[in-house]
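Those sequence lines, one after another, are chains A and B.
Note that the first sequence covers residues 1119 to 1822 in this note's numbering.
Note that the second sequence covers residues 1119 to 1822 in this note's numbering.
In case anyone wonders, no lab produced these hints; they're calculated from the structure.
It cannot be assumed that every hint is accurate.
Since copy identity is lost for identical chains, a pair holds within one copy or between any two.
Only pairs whose alpha carbons sit at most 25 Å apart, straight line, appear in this in silico DSS-like list of lysine-lysine [as the list claims (entries may be wrong)]:
{"id": "1", "residue 1": "Lys1187", "residue 2": "Lys1159"}
{"id": "2", "residue 1": "Lys1694", "residue 2": "Lys1458"}
{"id": "3", "residue 1": "Lys1797", "residue 2": "Lys1784"}
{"id": "4", "residue 1": "Lys1458", "residue 2": "Lys1445"}
{"id": "5", "residue 1": "Lys1187", "residue 2": "Lys1242"}
{"id": "6", "residue 1": "Lys1458", "residue 2": "Lys1242"}
{"id": "7", "residue 1": "Lys1242", "residue 2": "Lys1159"}
Protein chains: 2
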Amino acid sequence: MVKESNVDVLIIGAGPAGLMAANWFARTGTSFRIVDKRGSKIFAGQADGLQCRTLEVFQSFGFADRALKEANHMLEISFWEPDGKGGLYRSARLADSIPGISRFQQVVLHQGRIESWFLDAIRKWSGGRASVERSKLPLRLDIDEEKVEDPNAYPVSVLLKHLDENESMPEQFGSNVANGLFRSFEGDQDKYYQNTKDLDDDSLELVHAKYVMGCDGAHSWVRKQIGVEMEGESTDYVWGVLDSVPITDFPDIRNRCAIHSLDSGSIMVIPREQGLVRLYIQLRETPRDPATKTESEMGKNEGKALEKGRVDRSKITPEVILDNARKILHPYKLDITDVKWYTAYQIGQRVSPKFEKFQRVFISGDACHTHSPKAGQGMNVSMMDTFNLAWKLAYVSKGLASRDILKTYEDERLDVARALIAFDHKFSRLFSGKPALPGAIKSEGVDLDEFHAFFEKGNEFASGTVVDYDDSVLIDKSSGKPVPHATDKEVTLTISPLATNVIIGRRFDSAQVVNQSDAHPWYLTDRMLSDGRWRIVNFAGDFKNVPELNKRLIWLGDYLAEDRSFIKKYTPPGAKVDSVIEVLTVHASPRVDVEWDDFPLAFRPRDCAGRMDYWKIYADDNSYHEGHGHAYEKYGIAKDVGAYVVVRPDGYVSMVEPLGEEGLSKIGEFFGKFLLEQKVPPRTMFEEIETYGADSYGRPLLAM
Amino acid sequence: MVKESNVDVLIIGAGPAGLMAANWFARTGTSFRIVDKRGSKIFAGQADGLQCRTLEVFQSFGFADRALKEANHMLEISFWEPDGKGGLYRSARLADSIPGISRFQQVVLHQGRIESWFLDAIRKWSGGRASVERSKLPLRLDIDEEKVEDPNAYPVSVLLKHLDENESMPEQFGSNVANGLFRSFEGDQDKYYQNTKDLDDDSLELVHAKYVMGCDGAHSWVRKQIGVEMEGESTDYVWGVLDSVPITDFPDIRNRCAIHSLDSGSIMVIPREQGLVRLYIQLRETPRDPATKTESEMGKNEGKALEKGRVDRSKITPEVILDNARKILHPYKLDITDVKWYTAYQIGQRVSPKFEKFQRVFISGDACHTHSPKAGQGMNVSMMDTFNLAWKLAYVSKGLASRDILKTYEDERLDVARALIAFDHKFSRLFSGKPALPGAIKSEGVDLDEFHAFFEKGNEFASGTVVDYDDSVLIDKSSGKPVPHATDKEVTLTISPLATNVIIGRRFDSAQVVNQSDAHPWYLTDRMLSDGRWRIVNFAGDFKNVPELNKRLIWLGDYLAEDRSFIKKYTPPGAKVDSVIEVLTVHASPRVDVEWDDFPLAFRPRDCAGRMDYWKIYADDNSYHEGHGHAYEKYGIAKDVGAYVVVRPDGYVSMVEPLGEEGLSKIGEFFGKFLLEQKVPPRTMFEEIETYGADSYGRPLLAM
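Using the sequences and the hints, build the whole thing.
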């Protein structure tokens, strides 16, 4: 008999996308398992860029500080071009992360470190009870179609095989240096599955899951099981990647650089942690084998056969890549030491037309979209896919929300994937094309001015901060009005006149506010951590000086204390009153004019031990040491009007409503469309870690 | 035969003072051991405040971020006084850390966490090879006086006994709750030593040390061995300490508060991490036993018998303390939950007249100075004692400097201890005295206006940033001129007109500068870590626009490249050129006008693998995301003049000299007085951890 077991969510693949999901489930006390076919995590190379929005999300899980401390901060980009005299010159410099777009700027370090922060976080949130199950290969996936609409059913079954050590070791091509030229596991499943009868039952397990997440990369086995094929194309551009310490007289080696040579190809310089530099190097001269179809694009461009001969990646060595780099960088000299990793890829862009089946099996990350790596998007967009999905699965599997919210995953993320593919399509062609010389006819090559302009605009997209989710059960765009973007005519924003810089559908940006009880300045989003809770931010205005606002504050306090409060309705009996929807207050009166007991108790509730929450009320006021955050100004909220802003557990703005009964009633209706009335105590996978205080990093929410 | 061994430095006592020393030795690859008689580190209570300067020092060792993340930031202080109608009112609020005095503000959390950061750092710097040896009690200390002037001798021998588990467990009085009412180990040494013949040789070890550091607390055994007695006095004021979560309607419980009741005594409120609050509560009504002399003042006031009956500490319970607190806080209500720790102490101030013997045995921390804890000074000053001493011992024991520098320890730290004692003497009496009512004759009680004024001024002292070391072999005050302090007539500062805000003898303050190579903004002191190196900060001025400054830059580059450079003279052959004295350049030209090869190679040297140091040259210029540091303005240096600033390994300013040959020659003379010419490769306890890059946190300096 094969062993059988139940779990709410089974994650297949423990790369960044899978780990982000696992982290969410650990944080919210959701029943989950995460398996990976490989025997160990990676230790070098792979993806390396962390964009602004990704750092904001890491911050919301409590480990952005590790990124900021360990990674290289990449702040400036230089453009280098042919000078017409056989050399190169720096034609422009600009800030790499657009100033003001986020409190963070992009940083770079290798993927293995990033994965280890997730592993630490998963261990912490689960109290040490959850971890990645390695060397486990899925052999079969079945969906019981009759049960897919039953929220309590486990309609997906996955047969797992526990591999032995040799089977789970990826083989590399070519070199003793760590590299990205892995042998794929593709086809292993068939081999094992056809021989299931020969297998030792002890190595097999049949897992029954409510939901399955395929985070298993470009060759996604899960994607194949749900019958989805990638769509897209490949180019003939081949690039190498080399992580090393360069020894060079090129002056900008510690800047991000886009270097176009006259006719030897292009280089992107990505300075890294510990003095390393990643060079993306266009390979004009590569060993090719027209008869063989091998993998390419970091193993991502499988699918249709190409017309042209593909690169024989097994023959690409650090020396081949370095030779190309030297030609591009001429007349500057280049040697390398401390070679840590290398790979090569052929540029292409592909996207899945579907991201799920029956809202029961979902795919994310490279399984849905592959493209070239130079803009540092792949890992970031992959993590944001599961950051979008996993909290929804947590709500549904816990019975807090209806299954309707799961449809929003594909709607929201397929748009992002398509925008990414379009961006990369243009970016990679501008980068790989031969440049037009200054003064030459533009059609004779890539117009480098166009390249700069696209690069600069692309930096906004690449930051991840401008993702804008459409109207849905989770985003009420009717609470705002369409407004054209100030500089980009193609973009329309949805904005309420009550909060003219809060864009409905985009992430809630941060502004500094000051804690009423202890004068501590905080980024407001640091009080809105990714712990599974919805927030209603009560921008109460200058209630000390505007009597009408004071009335509304008192009214809200009274309403929240009543049994009819919709917040209580959607909170399981016995759970803390703020464990599904938290009300945070940001007022605009001078902090020292306000007394603590000006606020109804509902804004500063006591827990079952009688301990008061001193960390829910903030002033938009000066701090002693960090200046004034001018939060109302930053959000575009009038101090004599105020507003309620509803923010999703993943930090996106759902709606903006006026203070008072009417606005709150609309918010209640919004939640009523997907939150379910709670009549029994909450279900949680992990016990609550006992904490109290400003640092709620230890408290798994949705979990009590 | 008793086992014998040699070590350069033996540290006795693994509290904060001892751990700070061990951390320095691990960081600098110095031969050391650290022993403690107790079997485990503490887990609750004890000291809890970290002052600005302490955080600066933690930052220089790479772990201030842990303090900032885990601790409560105590930013505001409120004063509460009798309102004349039987109640209390808030008479004033002010910033707790004086704005602008440091980049950090004081934080609070319990001592056990702080010790664990040191333990982690010691493990890291030593590559896992150094750790605290617990349950080791020193029985005998002998100094071979004939050898004390021989730098290579091991003239101090210490007999250590390895205790078994029961022997090393401190007993507590009275309660199941963790508390500070420990049984002392005092007298155990005599008991064991008299019975040495009965002891199993296996439990004994005779350690021969070049230097011994006594960091063994108020009852210091080391202090007794060198025949030093504390001097000072005790008062009749008794205070209790209680760590708990208060349940109260007192509105400022998350602020630091100084509360004077009319006639029930005073309270200091110290809000802590995880929602805890420490209350220092004056005990008007305490169980006393006139016949018994017990310990007091956290066990610190041993010594002369007092006239009056001392508090019977074994009878003090959380309930006794809480009863007193309720009377003081009336009419506000107070209950408590989550009681983590408590203690009681009788206020007194004592100081050692001597801090060392023969510059071979040194005492630090509570062994030298004890006082009341409310200003959060004890642990901080203790750590600063050994932060001052240990790098000097590292230099001398490694043969890099002459023994002359060791005299500066007592000179520098005894002044600090005496100032601390005077401060605490006044502070504790103002706090413990009965307040005069508003409008009453001042002589009838403590004038609360005087209390506020003293408190505010005391905050500057308490921050630890204004410690000013006297002229010595390590501080050349002749490079500046005496200047009266702007607001405090009692204070004279030593300042060079070249750098009018750099105070010679005080710590080098931080200002933001921008890395020339990658545009990264840094606090300059974050590039001047506590790794054992001296720094010459070459404020090169606006060298692109002032030809004379460019000449001086080129001249310095040429000089540093020459074999006659004093930096090379004092650096061991084979060690990196910057491993004893590092030259950092901060120029004042617009960063983008400067090219990387404008700088001679000596300012951006290559290591033996050819890797360039990109992290030694900075611009005082705007950054892309963090504004302009205006460093020249902050330091009071003219951009068309510049200056050399010499900074000690512990961050104190030794001298300021003009750019060019004359100034540099004075700096050479300064170093010539105590640094020793190096003719053999360096000696190190730990192998170098291979690192390269901006993050030199992994590289133990003085160690290669």
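For this session: Could you place Lys1242 and Lys1159 in one of the four classes (within, between, both, neither) given a Cα distance threshold of 25 Å?
Result: Both. Shortest intra-copy (18 Å) and inter-copy (23 Å) distances satisfy the 25 Å Cα cut-off.
Exercise. Quick one: Lys1458 to Lys1242, C-alpha cut-off 25 Å, is that within a copy, between copies, both, or neither?
Worked result: between (30 Å within a copy, 23 Å between copies)
For this session: Can you give me the call for Lys1458 and Lys1445, within, between, both or neither, at a CA distance of at most 25 Å?
Result: Within one copy only: 22 Å inside a chain, 67 Å across chains, cut-off 25 Å.
For this session: Give the relationship of Lys1187 and Lys1159 under a CA distance limit of 25 Å: within one copy only, between copies only, both, or neither.
Result: within (22 Å within a copy, 28 Å between copies)
For this session: Check Lys1694 against Lys1458 for me: Cα-Cα at most 25 Å, and say if that holds within a copy, between copies, both or neither.
Result: between (49 Å within a copy, 24 Å between copies)
Exercise. Under a CA distance limit of 25 Å, which applies to Lys1187 and Lys1242: within one copy, between copies, both, or neither?
Worked result: The answer is both: 20 Å in one copy and 16 Å across copies each meet 25 Å.
Problem set entry | Intra- versus inter-copy proximity for Lys1784 and Lys1797 (alpha-carbon distance at most 25 Å) | Intra 23 Å, inter 81 Å, cutoff 25 Å: intra-copy only.
Violated hints: none; the structure is consistent with every hint.
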